[in-house]
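Participant: Sequence:
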Amino acid sequence: MSFAENYSFLDRTLHHIAFSIPGLQKFVAEMESDIYAKDLNKIDLGNEIFVTGLPRSGTTLLLDLLHKTDEFCTFSYRHMPFILAPLFWKKISQPFSKEAKEVERAHGDGMKVSFDSPEAFEEVVWLSYLKEQYVKQNHLAPLTLKNTNKKFAKAIKLTVKKLILENQSERQTAKRYISKNNANCSRLPVLKKLFPTATILIPFREPFAHIGSLMKQHEQFCEMHKDDTFAKSYMKWLGHYDFGENFKPINFDNWLDSQPSNPNYNSEEFWLSYWIASYENILKQIGNNVHLIDYNKLLIKPTESLARIGEITKLKDVKTFSSYSSEIRNPTSKPKNTDSINSNLVDKANNLYQRLQESAL
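Numbering follows the numbering used here, in which position 266 of the sequence shown is assigned residue number 247; successive positions increment by one, without gaps.
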(Lines of atoms letter the chains of each structure in order from A and count residues from 1; the text may use other names and numbers.)
(Lines give C-alpha, C1' and ligand atoms only; values in the text may rest on other atoms or scores of the structure.)
Protein backbone atom coordinates (compact mmCIF):
# COMPACT_ATOMS: atom_id res chain seq x y z
CA MET A 1 0.00 0.00 0.00
CA SER A 2 1.13 3.58 -0.56
CA PHE A 3 2.70 4.80 2.66
CA ALA A 4 2.12 8.49 2.08
CA GLU A 5 -1.58 8.02 1.36
CA ASN A 6 -2.52 5.29 3.82
CA TYR A 7 -0.72 6.12 7.06
CA SER A 8 -1.71 9.24 8.95
CA PHE A 9 0.45 10.92 11.58
CA LEU A 10 -1.46 9.00 14.26
CA ASP A 11 -0.96 5.70 12.39
CA ARG A 12 2.76 6.32 12.10
CA THR A 13 3.07 7.27 15.76
CA LEU A 14 1.27 4.09 16.84
CA HIS A 15 3.54 1.96 14.66
CA HIS A 16 6.63 3.61 16.15
CA ILE A 17 5.36 2.86 19.66
CA ALA A 18 4.47 -0.76 18.85
CA PHE A 19 7.79 -1.60 17.23
CA SER A 20 10.27 0.71 18.95
CA ILE A 21 9.64 -0.20 22.59
CA PRO A 22 11.77 -3.31 23.28
CA GLY A 23 9.72 -6.36 24.22
CA LEU A 24 6.31 -4.67 23.88
CA GLN A 25 5.06 -6.98 21.12
CA LYS A 26 6.11 -10.09 23.06
CA PHE A 27 4.70 -8.80 26.35
CA VAL A 28 1.26 -8.09 24.85
CA ALA A 29 1.28 -11.38 22.93
CA GLU A 30 2.16 -13.49 25.96
CA MET A 31 -0.45 -11.74 28.09
CA GLU A 32 -3.03 -12.43 25.38
CA SER A 33 -1.96 -16.09 25.25
CA ASP A 34 -2.57 -16.46 28.99
CA ILE A 35 -6.00 -14.83 28.85
CA TYR A 36 -7.20 -16.92 25.89
CA ALA A 37 -5.39 -20.12 26.93
CA LYS A 38 -8.57 -22.16 27.37
CA ASP A 39 -9.89 -21.30 23.89
CA LEU A 40 -6.50 -21.69 22.23
CA ASN A 41 -6.01 -25.16 23.72
CA LYS A 42 -9.15 -26.33 21.90
CA ILE A 43 -7.72 -25.50 18.48
CA ASP A 44 -5.87 -28.21 16.58
CA LEU A 45 -3.18 -27.32 14.07
CA GLY A 46 -2.61 -29.17 10.82
CA ASN A 47 -2.47 -29.00 7.02
CA GLU A 48 -1.01 -25.49 6.95
CA ILE A 49 0.30 -24.00 3.71
CA PHE A 50 3.56 -22.07 3.52
CA VAL A 51 4.18 -20.12 0.31
CA THR A 52 7.80 -19.05 0.03
CA GLY A 53 10.64 -18.38 -2.39
CA LEU A 54 12.60 -15.40 -3.62
CA PRO A 55 10.53 -12.20 -3.91
CA ARG A 56 8.88 -11.55 -7.29
CA SER A 57 8.48 -15.28 -7.97
CA GLY A 58 4.68 -15.40 -7.71
CA THR A 59 4.29 -15.89 -3.97
CA THR A 60 1.72 -13.10 -3.56
CA LEU A 61 -0.37 -14.45 -6.42
CA LEU A 62 -0.49 -17.93 -4.86
CA LEU A 63 -1.36 -16.47 -1.46
CA ASP A 64 -4.21 -14.39 -2.88
CA LEU A 65 -5.71 -17.24 -4.91
CA LEU A 66 -5.56 -19.77 -2.06
CA HIS A 67 -6.90 -17.27 0.49
CA LYS A 68 -9.83 -16.56 -1.84
CA THR A 69 -11.16 -20.09 -1.17
CA ASP A 70 -12.14 -19.02 2.38
CA GLU A 71 -10.46 -22.14 3.77
CA PHE A 72 -7.51 -20.22 5.20
CA CYS A 73 -6.71 -17.54 7.71
CA THR A 74 -3.62 -15.38 7.83
CA PHE A 75 -2.43 -11.86 8.64
CA SER A 76 -3.88 -8.73 7.05
CA TYR A 77 -3.15 -5.00 7.30
CA ARG A 78 -5.81 -4.81 10.03
CA HIS A 79 -3.45 -6.74 12.32
CA MET A 80 -0.87 -3.97 12.19
CA PRO A 81 0.90 -2.92 14.29
CA PHE A 82 0.27 -5.55 17.01
CA ILE A 83 0.90 -8.59 14.83
CA LEU A 84 1.47 -11.00 17.72
CA ALA A 85 -1.76 -10.07 19.51
CA PRO A 86 -4.53 -10.23 16.88
CA LEU A 87 -7.32 -10.89 19.40
CA PHE A 88 -6.52 -7.92 21.63
CA TRP A 89 -5.89 -5.59 18.73
CA LYS A 90 -9.13 -6.48 16.97
CA LYS A 91 -11.16 -5.54 20.06
CA ILE A 92 -9.29 -2.27 20.50
CA SER A 93 -9.15 -1.20 16.85
CA GLN A 94 -12.52 -2.37 15.53
CA PRO A 95 -14.39 0.88 16.41
CA PHE A 96 -11.80 2.80 14.38
CA SER A 97 -11.43 0.35 11.48
CA LYS A 98 -11.13 1.80 7.99
CA GLU A 99 -13.05 0.86 4.86
CA ALA A 100 -11.44 -1.96 2.87
CA LYS A 101 -10.80 0.15 -0.23
CA GLU A 102 -8.48 -1.43 -2.79
CA VAL A 103 -5.39 0.45 -3.96
CA GLU A 104 -2.27 -0.57 -5.86
CA ARG A 105 0.39 -1.89 -3.49
CA ALA A 106 3.71 -0.14 -2.96
CA HIS A 107 5.50 -2.45 -5.42
CA GLY A 108 3.85 -0.63 -8.33
CA ASP A 109 3.14 -3.93 -10.13
CA GLY A 110 -0.61 -3.52 -10.61
CA MET A 111 -1.63 -5.84 -7.77
CA LYS A 112 -4.44 -4.43 -5.63
CA VAL A 113 -4.56 -4.60 -1.85
CA SER A 114 -6.91 -3.44 0.88
CA PHE A 115 -6.85 -3.50 4.67
CA ASP A 116 -8.41 -6.99 4.47
CA SER A 117 -5.89 -8.41 1.99
CA PRO A 118 -3.77 -11.35 3.16
CA GLU A 119 -0.25 -10.14 3.84
CA ALA A 120 3.27 -11.31 4.70
CA PHE A 121 3.52 -10.30 8.35
CA GLU A 122 4.55 -13.64 9.85
CA GLU A 123 8.22 -12.62 9.88
CA VAL A 124 7.48 -10.39 12.89
CA VAL A 125 7.18 -13.57 14.99
CA TRP A 126 10.59 -14.81 13.83
CA LEU A 127 12.13 -11.38 14.42
CA SER A 128 10.66 -11.06 17.90
CA TYR A 129 12.20 -14.31 19.13
CA LEU A 130 15.16 -15.14 16.88
CA LYS A 131 16.50 -11.88 15.45
CA GLU A 132 20.02 -12.28 16.84
CA GLN A 133 20.27 -15.75 15.32
CA TYR A 134 19.75 -14.70 11.71
CA VAL A 135 19.73 -10.92 11.12
CA LYS A 136 23.38 -10.04 10.53
CA GLN A 137 24.98 -6.73 9.57
CA ASN A 138 24.96 -7.30 5.81
CA HIS A 139 22.94 -10.47 5.26
CA LEU A 140 20.38 -12.90 6.64
CA ALA A 141 21.65 -16.27 7.87
CA PRO A 142 19.56 -19.38 7.15
CA LEU A 143 17.95 -20.73 10.31
CA THR A 144 18.39 -24.34 11.38
CA LEU A 145 16.91 -26.50 14.11
CA LYS A 146 20.03 -25.79 16.18
CA ASN A 147 19.49 -22.03 16.39
CA THR A 148 15.76 -22.00 17.11
CA ASN A 149 14.25 -22.66 20.52
CA LYS A 150 11.17 -23.94 22.34
CA LYS A 151 9.97 -20.47 23.27
CA PHE A 152 9.83 -19.47 19.61
CA ALA A 153 8.15 -22.74 18.62
CA LYS A 154 5.44 -22.14 21.20
CA ALA A 155 5.01 -18.51 20.13
CA ILE A 156 4.55 -19.16 16.42
CA LYS A 157 2.09 -22.01 17.02
CA LEU A 158 0.08 -19.85 19.42
CA THR A 159 0.04 -17.01 16.89
CA VAL A 160 -1.39 -19.35 14.26
CA LYS A 161 -4.02 -20.57 16.71
CA LYS A 162 -4.96 -16.97 17.51
CA LEU A 163 -5.59 -16.24 13.84
CA ILE A 164 -7.82 -19.31 13.57
CA LEU A 165 -9.69 -18.34 16.74
CA GLU A 166 -10.13 -14.78 15.49
CA ASN A 167 -11.73 -16.05 12.28
CA GLN A 168 -14.17 -18.46 13.93
CA SER A 169 -16.92 -15.88 14.38
CA GLU A 170 -16.74 -14.37 10.88
CA ARG A 171 -15.23 -16.97 8.54
CA GLN A 172 -16.05 -20.35 10.06
CA THR A 173 -14.59 -22.26 7.12
CA ALA A 174 -11.15 -20.65 7.60
CA LYS A 175 -9.67 -23.32 9.85
CA ARG A 176 -6.27 -23.67 8.19
CA TYR A 177 -3.33 -21.29 8.30
CA ILE A 178 -1.66 -19.99 5.16
CA SER A 179 1.62 -18.10 5.24
CA LYS A 180 3.45 -16.07 2.63
CA ASN A 181 6.95 -15.39 3.89
CA ASN A 182 9.84 -15.14 1.43
CA ALA A 183 12.47 -15.67 4.13
CA ASN A 184 11.00 -19.08 4.97
CA CYS A 185 12.76 -20.57 1.94
CA SER A 186 15.96 -20.33 4.00
CA ARG A 187 14.56 -22.35 6.93
CA LEU A 188 12.64 -25.25 5.40
CA PRO A 189 13.82 -27.88 7.95
CA VAL A 190 12.54 -25.66 10.77
CA LEU A 191 9.13 -25.29 9.11
CA LYS A 192 8.83 -29.03 8.54
CA LYS A 193 9.69 -29.73 12.18
CA LEU A 194 7.24 -27.14 13.57
CA PHE A 195 4.39 -27.98 11.19
CA PRO A 196 4.87 -31.62 10.10
CA THR A 197 1.62 -31.88 8.10
CA ALA A 198 2.12 -28.58 6.25
CA THR A 199 2.47 -28.21 2.49
CA ILE A 200 5.24 -25.87 1.31
CA LEU A 201 4.88 -24.24 -2.12
CA ILE A 202 7.92 -22.60 -3.74
CA PRO A 203 7.33 -20.82 -7.06
CA PHE A 204 10.17 -19.98 -9.43
CA ARG A 205 10.49 -17.97 -12.64
CA GLU A 206 12.73 -17.93 -15.68
CA PRO A 207 15.96 -16.54 -14.19
CA PHE A 208 16.50 -13.51 -16.42
CA ALA A 209 12.90 -12.36 -16.15
CA HIS A 210 13.11 -12.89 -12.40
CA ILE A 211 16.29 -10.87 -11.85
CA GLY A 212 14.87 -8.10 -14.03
CA SER A 213 11.89 -7.89 -11.70
CA LEU A 214 14.10 -8.05 -8.60
CA MET A 215 16.35 -5.26 -9.81
CA LYS A 216 13.41 -3.05 -10.75
CA GLN A 217 11.87 -3.49 -7.30
CA HIS A 218 15.17 -2.85 -5.54
CA GLU A 219 15.56 0.43 -7.43
CA GLN A 220 11.97 1.49 -6.68
CA PHE A 221 12.27 0.75 -2.96
CA CYS A 222 15.63 2.55 -2.73
CA GLU A 223 13.91 5.66 -4.08
CA MET A 224 10.94 5.19 -1.75
CA HIS A 225 13.16 4.78 1.32
CA LYS A 226 15.08 7.95 0.46
CA ASP A 227 11.83 9.92 0.22
CA ASP A 228 9.99 8.38 3.18
CA THR A 229 11.84 7.30 6.32
CA PHE A 230 8.64 5.78 7.73
CA ALA A 231 8.43 3.44 4.73
CA LYS A 232 12.01 2.33 5.41
CA SER A 233 11.31 1.78 9.12
CA TYR A 234 8.05 -0.02 8.35
CA MET A 235 9.77 -2.60 6.15
CA LYS A 236 12.53 -3.08 8.71
CA TRP A 237 10.01 -3.62 11.53
CA LEU A 238 8.35 -6.32 9.45
CA GLY A 239 11.64 -8.03 8.68
CA HIS A 240 11.24 -7.35 4.96
CA TYR A 241 14.87 -7.06 3.93
CA ASP A 242 14.10 -7.96 0.30
CA PHE A 243 14.77 -4.59 -1.33
CA GLY A 244 15.78 -0.98 -0.88
CA GLU A 245 18.04 0.57 1.73
CA ASN A 246 17.24 -2.28 4.16
CA PHE A 247 18.34 -4.96 1.69
CA LYS A 248 20.04 -8.01 3.20
CA PRO A 249 20.51 -11.02 0.88
CA ILE A 250 20.08 -14.49 2.36
CA ASN A 251 23.44 -16.24 2.61
CA PHE A 252 22.47 -19.65 1.21
CA ASP A 253 25.35 -22.12 1.59
CA ASN A 254 27.70 -19.17 2.27
CA TRP A 255 27.48 -18.02 -1.36
CA LEU A 256 28.29 -14.46 -0.30
CA ASP A 257 31.84 -15.58 0.53
CA SER A 258 32.53 -15.59 -3.22
CA GLN A 259 31.19 -12.04 -3.66
CA PRO A 260 33.07 -8.76 -3.14
CA SER A 261 33.01 -7.41 0.41
CA ASN A 262 30.92 -4.51 -0.88
CA PRO A 263 28.66 -6.10 -3.55
CA ASN A 264 27.18 -4.05 -6.37
CA TYR A 265 23.43 -4.38 -5.91
CA ASN A 266 22.89 -2.77 -9.33
CA SER A 267 24.71 -5.61 -11.07
CA GLU A 268 22.91 -8.29 -13.09
CA GLU A 269 25.63 -10.75 -12.11
CA PHE A 270 25.01 -10.17 -8.39
CA TRP A 271 21.27 -10.87 -8.69
CA LEU A 272 21.78 -13.85 -10.99
CA SER A 273 24.29 -15.30 -8.51
CA TYR A 274 21.72 -14.75 -5.76
CA TRP A 275 19.05 -16.51 -7.84
CA ILE A 276 21.36 -19.48 -8.45
CA ALA A 277 22.42 -19.79 -4.80
CA SER A 278 18.81 -19.62 -3.63
CA TYR A 279 17.31 -22.20 -5.94
CA GLU A 280 20.27 -24.58 -5.82
CA ASN A 281 19.74 -24.74 -2.06
CA ILE A 282 15.97 -25.11 -2.41
CA LEU A 283 16.23 -27.82 -5.07
CA LYS A 284 18.14 -30.05 -2.65
CA GLN A 285 15.16 -29.98 -0.27
CA ILE A 286 12.28 -30.82 -2.60
CA GLY A 287 10.07 -33.71 -1.49
CA ASN A 288 8.18 -34.55 1.69
CA ASN A 289 5.44 -31.97 1.05
CA VAL A 290 7.86 -29.36 -0.36
CA HIS A 291 6.81 -28.56 -3.94
CA LEU A 292 8.18 -26.37 -6.71
CA ILE A 293 5.69 -24.34 -8.75
CA ASP A 294 6.75 -23.39 -12.29
CA TYR A 295 5.43 -19.85 -12.82
CA ASN A 296 5.83 -20.17 -16.59
CA LYS A 297 3.63 -23.28 -16.59
CA LEU A 298 1.12 -21.40 -14.44
CA LEU A 299 0.91 -18.79 -17.22
CA ILE A 300 0.67 -21.30 -20.07
CA LYS A 301 -1.67 -23.84 -18.41
CA PRO A 302 -3.33 -21.92 -15.57
CA THR A 303 -6.41 -24.11 -15.06
CA GLU A 304 -4.43 -27.34 -15.08
CA SER A 305 -1.75 -25.90 -12.80
CA LEU A 306 -4.24 -24.59 -10.24
CA ALA A 307 -6.08 -27.92 -10.22
CA ARG A 308 -2.82 -29.69 -9.38
CA ILE A 309 -2.03 -27.18 -6.64
CA GLY A 310 -5.55 -27.60 -5.28
CA GLU A 311 -5.07 -31.36 -5.10
CA ILE A 312 -1.76 -31.33 -3.25
CA THR A 313 -2.98 -28.68 -0.80
CA LYS A 314 -6.12 -30.75 -0.12
CA LEU A 315 -8.62 -28.03 -0.97
CA LYS A 316 -12.28 -28.85 -0.47
CA ASP A 317 -13.32 -27.43 -3.84
CA VAL A 318 -10.55 -27.89 -6.38
CA LYS A 319 -12.86 -27.13 -9.32
CA THR A 320 -13.70 -23.64 -8.06
CA PHE A 321 -10.06 -22.97 -7.23
CA SER A 322 -8.97 -23.91 -10.75
CA SER A 323 -11.53 -21.44 -12.13
CA TYR A 324 -9.47 -18.62 -10.63
CA SER A 325 -7.12 -19.09 -13.60
CA SER A 326 -8.62 -15.99 -15.20
CA GLU A 327 -6.87 -13.90 -12.53
CA ILE A 328 -3.40 -15.02 -13.58
CA ARG A 329 -1.66 -12.47 -15.79
CA ASN A 330 1.75 -11.99 -17.35
CA PRO A 331 4.37 -10.08 -15.32
CA THR A 332 5.00 -6.47 -16.31
CA SER A 333 8.79 -6.60 -15.99
CA LYS A 334 11.02 -7.50 -18.95
CA PRO A 335 13.79 -10.13 -18.90
CA LYS A 336 17.35 -8.87 -18.52
CA ASN A 337 19.60 -8.99 -21.56
CA THR A 338 22.33 -11.57 -20.95
CA ASP A 339 24.99 -10.06 -23.25
CA SER A 340 26.82 -8.32 -20.41
CA ILE A 341 26.63 -11.28 -18.00
CA ASN A 342 29.41 -13.85 -17.62
CA SER A 343 28.55 -16.71 -20.00
CA ASN A 344 29.41 -19.39 -17.43
CA LEU A 345 26.93 -17.80 -15.00
CA VAL A 346 24.27 -17.67 -17.72
CA ASP A 347 24.81 -21.35 -18.54
CA LYS A 348 24.65 -22.28 -14.87
CA ALA A 349 21.36 -20.42 -14.44
CA ASN A 350 19.83 -22.00 -17.54
CA ASN A 351 20.87 -25.46 -16.42
CA LEU A 352 19.42 -24.91 -12.96
CA TYR A 353 16.19 -23.56 -14.44
CA GLN A 354 15.83 -26.73 -16.49
CA ARG A 355 16.34 -28.90 -13.39
CA LEU A 356 13.77 -26.85 -11.48
CA GLN A 357 11.24 -27.35 -14.27
CA GLU A 358 11.89 -31.09 -14.27
CA SER A 359 11.27 -31.24 -10.50
CA ALA A 360 8.19 -28.99 -10.46
CA LEU A 361 4.56 -30.05 -10.17
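Just so you know, the hints here were simulated from the structure itself, not pulled from any lab data. Glycine included, C-beta positions come from ideal geometry on N, C-alpha and C. Do not rely on the hints blindly, as some may be mistaken.
Computed beta-carbon distance windows for the label pairs [as the list claims (entries may be wrong)]:
#1 119 with 292: 51 to 61 Å
#2 336 with -6: 42 to 52 Å
#3 -5 with 261: 22 to 32 Å
#4 209 with 97: 20 to 30 Å
#5 16 with 315: 48 to 58 Å
Participant: For each hint given before, does the structure comply? Return the numbers of the non-compliant ones in rising order.
Facilitator: Of the numbered hints, 1, 3 do not hold.
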